[in-house]
Structure formats: structure tokens, C-alpha cells
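Enquirer: Each chain, letter by letter, is given below.
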Amino acid sequence: MAEPAASSESYSGMAGLAVSLRGVTKVYDNGVNALGPLDLDVRKGELVSLLGPSGCGKSTALRLIAGLNAPTSGSVRVSRGVGQSRAGHSIGFVFQEPTLMPWTSVRENVRLPLKLSHAPTAEANARVGDALIQAGLAEFAEAYPRELSGGMKMRVSLARALVTDPDILLMDEPFAALDEITRFRLNNDLLSLWRNLRKTVIFVTHSVFESVYLSQRVVVMTPRPGRLSAEIRIDAPERGEEFRTSAEYAAYCREVSHALAPLQSGQPGS
Amino acid sequence: MTSLQTPPLSAEPAAPGSHALRLVRVLLPIVVLAAGIALWELVVRLNNIPPYVLPAPVAVFRTLIADWPVLSQSLATTLVTTFEGFVAAAIGGVALALLFNQSKWLEYSLFPYAVILQVTPVIAIAPLLLIYLPQQTAVVVCAWIVGFFPVLSNTTLGLNSVDRNLAGLFQLYGASRMQTLRYLKLPSALPFMLGGLRIAGGLSLIGAVVAEIAAGSAGAGSGLAYRIAESGYRLNIPRMFAALLLLSAAGIVIYGLLALTSHLVLRRWHESALGKEN
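The listed protein sequences correspond, in order, to chains A and B. Quick note: the first sequence, position 147, residue 146 per numbering that gives the first Met the number 0, numbers continuous. Quick note: the second sequence, position 176, residue 175 per numbering that gives the first Met the number 0, numbers continuous.
It is worth saying that the hints were derived from the structure and are not from the lab. Think of the CB as a built atom: it goes at the ideal place given N, C-alpha and C, for glycine as much as any other residue. Any given hint could be a false lead.
Claimed, not checked - Here are the computed distance ranges between Cβ atoms for each label pair:
| # | chain 1 | residue 1 | chain 2 | residue 2 | range |
| --- | --- | --- | --- | --- | --- |
| 1 | A | Ser72 | B | Asp162 | 25 to 31 Å |
| 2 | A | Ser116 | B | Pro186 | 54 to 60 Å |
| 3 | A | Asp164 | B | Arg24 | 52 to 58 Å |
| 4 | B | Ala94 | A | Thr120 | 29 to 35 Å |
| 5 | A | Gly128 | B | Ala75 | 51 to 57 Å |
| 6 | A | Asn187 | B | Leu263 | 39 to 45 Å |
To be verified - Calculated Cβ distances over 12 Å to all of chain A for the following chain B residues:
| # | residue |
| --- | --- |
| 7 | Leu63 |
| 8 | Leu70 |
| 9 | Thr119 |
| 10 | Asp162 |
| 11 | Leu168 |
The shape of chain A in the complex, shown without the other chains (with noise of 0.2 Å):
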């Protein structure tokens, strides 16, 4: 496979936007069609979700733009912050499982990013240190994953994504295997994280309510291979348990159930 490097470029005059893709289509070796022609931009500092059935490729976007993988067709241009040289630096990604490092503590998982890119240790500890007390950690610097709840692993992925204050977090389904109480709790926590940090975050999952509850707007994608198949915004600026049991929000869901319906069938609407 071709270095990401090559096709996932970065320009400064991306007036305004985090991330944008032209054209993007993805062929894995296995010869699946996974994803695309895609177009999708996606603003700094907002915060979109794309739907979508299983398979519709929406991880296969995400893991695009991160540049894990490379595109087979189109472009992935990701907007580089201030004063920074590493792409890697710019992305957090959390991942549907935690994906920690069993052999290690909390702190060492939070730590890693900054361990790999050599970051002075005195800089390393303050930050490791801040980013535990933001996801409610600090208690638990010191366990092994293996002595967290689900819940609580998802905190520790989530604080090393940010440890390098990245400019966009993609997350992909990141709490789809959770409960319902601990997924509402994580949303909360999620969408305060973003109203302090303004990060731009895209958020692949393949829930409705989760979709409307956290985004600016919802990409809803077709299956196989995945292609942009309605864009819903929701104009909602209060976010919390009202909102979710407003008639607003209901309305909202059912929009996105609808734009989401005829794919159900295996035929892309549009």
C-alpha cells in the first residue's frame, strides 16, 4: 500500500475548513468497493456525524482522513494548525474499541503520543496530568485497563486522543459497544469537551439518537459503496437532557430515520 503521505496533502488555504475530500474513493486489496466517490467537507470547529449502516464505509472515510490508509481515487486535505509540522500531531483518533495497551497504566496509555513524538518529559508529565483531570481520571492514573470498566477505558482513549491537543478528533463508533447510561454520560462529557475545546470532531456512528443528540449535522451515508446520501443540520445551541426529550429533537430523529430508511432496503436514495 501506497504511503498516506502521498495523497493526503495539507494546505494552508483551505479557507475555514478542517478537513475536505474530493472525489475520495477507496478499493481494498480483497477488491471491495468500500467507499465512495465521496465529497465531504467539514468546517473548523464543528462537529459532524456520519451515518450509516454497517459497512457503509464511513470508518474506511475516517481512517482516510487520519491518513492510516491511503485513497485509491480523489483527494484527503486536512488542515494543519499553527505551528505544526507532524500531521499525526494535528488528529486524535479513538477507536470503537479503547485500544490500550494492556501491559501498561492509564497514565503510560495517555502518555504514549507524547512518548512518541519525544516530547520533554517535564511537558509531557504537565500535560499527561491535565488531560487525566479533564476525562475525570486522575484517580485512576495509576490502574491497569484491564481494572476499568468499559466506560472508563473509553475516558482513557478519549484522553490520549487530546493529550496532543489535536485540531480534529475522529472518532470512530467510539461508544456503540457501551451501555445506553454510560454512552448518555460519555455524550455529555463529549459534547462539553468540544463547547471548551472547539475542536472540529467527526463522529462515525450508527446510532440516530446518538447522531442528532451530538451533531451540527448529520452526514448520512449509503451503503456499500459508501457515498454521501443527505445532509441534515441541526440547529439546536442547548444541548442536554431536555434537549433529548424535546419534541425538537424527536422531530429531528425522525428526519434522519427517514433519510436513512430507503438505504435500509439496499437501494441508495438520494
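Given the coordinates of chain A, assemble chain B onto it according to the supplied hints.
Expert: For chain B alone, kept in the frame of chain A given last:
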């Protein structure tokens, strides 16, 4: 009686029950061993079997004590050989696995030969080695040949079992080859590596014994296997048994030590080292 005792036993909380179970698991084999030895002693005494046909356990223990100066020296020799072979196998196996992991070309070129070395019975190679190498070296090489393969194949398996997403994470953060190896691949491979070492420990002993037996008539080897062969020629059967006893004790201790090491290294994080309750 038993039907009366059963209800209170099952009504007991789980913890003492599992404790009793553990005690039973330790005690049962000991009881079986004691019964076996007693039966053996009895059969020998009742039938008046002469010691050069089958020595009684008491006679074996007496020989063990009487011949301790000779046997202990042989034990030390065999243990040193085993240890050298084991260390060579551990270093060689891990080093080869790392090389293979870094270069597919090396792996493709050399792995078949590692397999050939493994599948060829060491007892057949030993005489050849004894021709070309000094005896002590040949014996260590034999121990190495049988020991290194499980380390190599297990470590290779471990290095290839890295979590894909974690590997992606390392890629995302631009980790160098060395960093990926040190912080990701080696820790992932550690449980597998320790499993390989545990097998290699026992095999090194076998390799050492095989080589000693092959070398037996050729030189002045004084390992336990040599003592067994020598005692066989002299019809000193009690000493054969005593030496055999020491060999299996050595094997048990080696296995126990390696299992303990593995447990201590992995106890905080690996599934294999955790109790069922956690």
C-alpha cells in the same frame, strides 16, 4: 455419612469451597505418589525381588544419599549444560524472531532451515555434532537445537499478534520502527515469548540428556545421563533410579521456575495470569 455431610458443604460460601478444592488438588497427587511408593516397596519386599532387577524405593533413597557426592556433581554438570543451552535458545530464538519480523526476506530464506533443524531428531544429530565439536560445546549445541524453536515460533506468533488498531495508532503518531518494536511489538509478544521459554526449559534438559547419552562412551562426560548409562552397564540399578529421580526433579524445578517467572511478569495485565474471579 456422606449424605449427611453434603448439605453443609454445599451451603458453604464459595471462597472456602474453592480453597478446599485447591487443597484437594495439591493433596491428591501426593496421596497417589505415597500410595504408589508404598505399593512398590511392598511388591519388592513380598516377592523378594533382587535390587539389580527392581530396587525398592528405600534402597533408591539410600543410594541417593550414599552416592550424593558423585550424583550431585553430575547433577551440577547437567544443570549447567541445560542452563547454557536454555540461555542460548532464549537469546537465539528471540533474536531470530526479531530479525524475521524486521525482514521478510530473511524470514523466507531461513525459516525452512529452522524447521528442518527442529524436525530432525536431535538424537540423530548428536553423534555428528560430537565428531565436529568439542564435547562440552556439542552438548550445549544439542540443548540449544531442541530449545530454540519453540522460542522462535512463539515469539514470531506474538510479534504478529499485535492489535491492529494499536498498530494504526502508532502509525498515526508517526512512531519509528524502533519505537513500534519497543513499545508495541515486544510487550505484545511477551506472553507468547514466555510460553515459548517455558517449553524451551524442559526441552533444553532433554537436549542435554540426549547429547550426554550420545557422548557417553566417547568421552569423560559426567552428567546425570552419563551416570544412568554407566550405572546401566554396571548393573547398578538403584543408582540408575536415583539419577533418574534427580533428572525429573530438575525438570520439575525448571518448569516451576519458568512458570513462576511468567506469572510474576504477567500478573498485572495478562488474562493467563489472572484469577477467574477478576
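Enquirer: Does each hint fit the structure? Answer for all of them.
Expert: Right, here's what the structure says about each hint:
{"no.": "1", "hint": "A:Ser72 x B:Asp162: 25 to 31 Å", "verdict": "30 Å, holds"}
{"no.": "2", "hint": "A:Ser116 x B:Pro186: 54 to 60 Å", "verdict": "19 Å, violated"}
{"no.": "3", "hint": "A:Asp164 x B:Arg24: 52 to 58 Å", "verdict": "54 Å, holds"}
{"no.": "4", "hint": "B:Ala94 x A:Thr120: 29 to 35 Å", "verdict": "31 Å, holds"}
{"no.": "5", "hint": "A:Gly128 x B:Ala75: 51 to 57 Å", "verdict": "53 Å, holds"}
{"no.": "6", "hint": "A:Asn187 x B:Leu263: 39 to 45 Å", "verdict": "42 Å, holds"}
{"no.": "7", "hint": "Leu63", "verdict": "44 Å, holds"}
{"no.": "8", "hint": "Leu70", "verdict": "43 Å, holds"}
{"no.": "9", "hint": "Thr119", "verdict": "37 Å, holds"}
{"no.": "10", "hint": "Asp162", "verdict": "7 Å, violated"}
{"no.": "11", "hint": "Leu168", "verdict": "6 Å, violated"}
Of the hints listed earlier, those the structure fails to meet are numbers 2, 10 and 11, in rising order.
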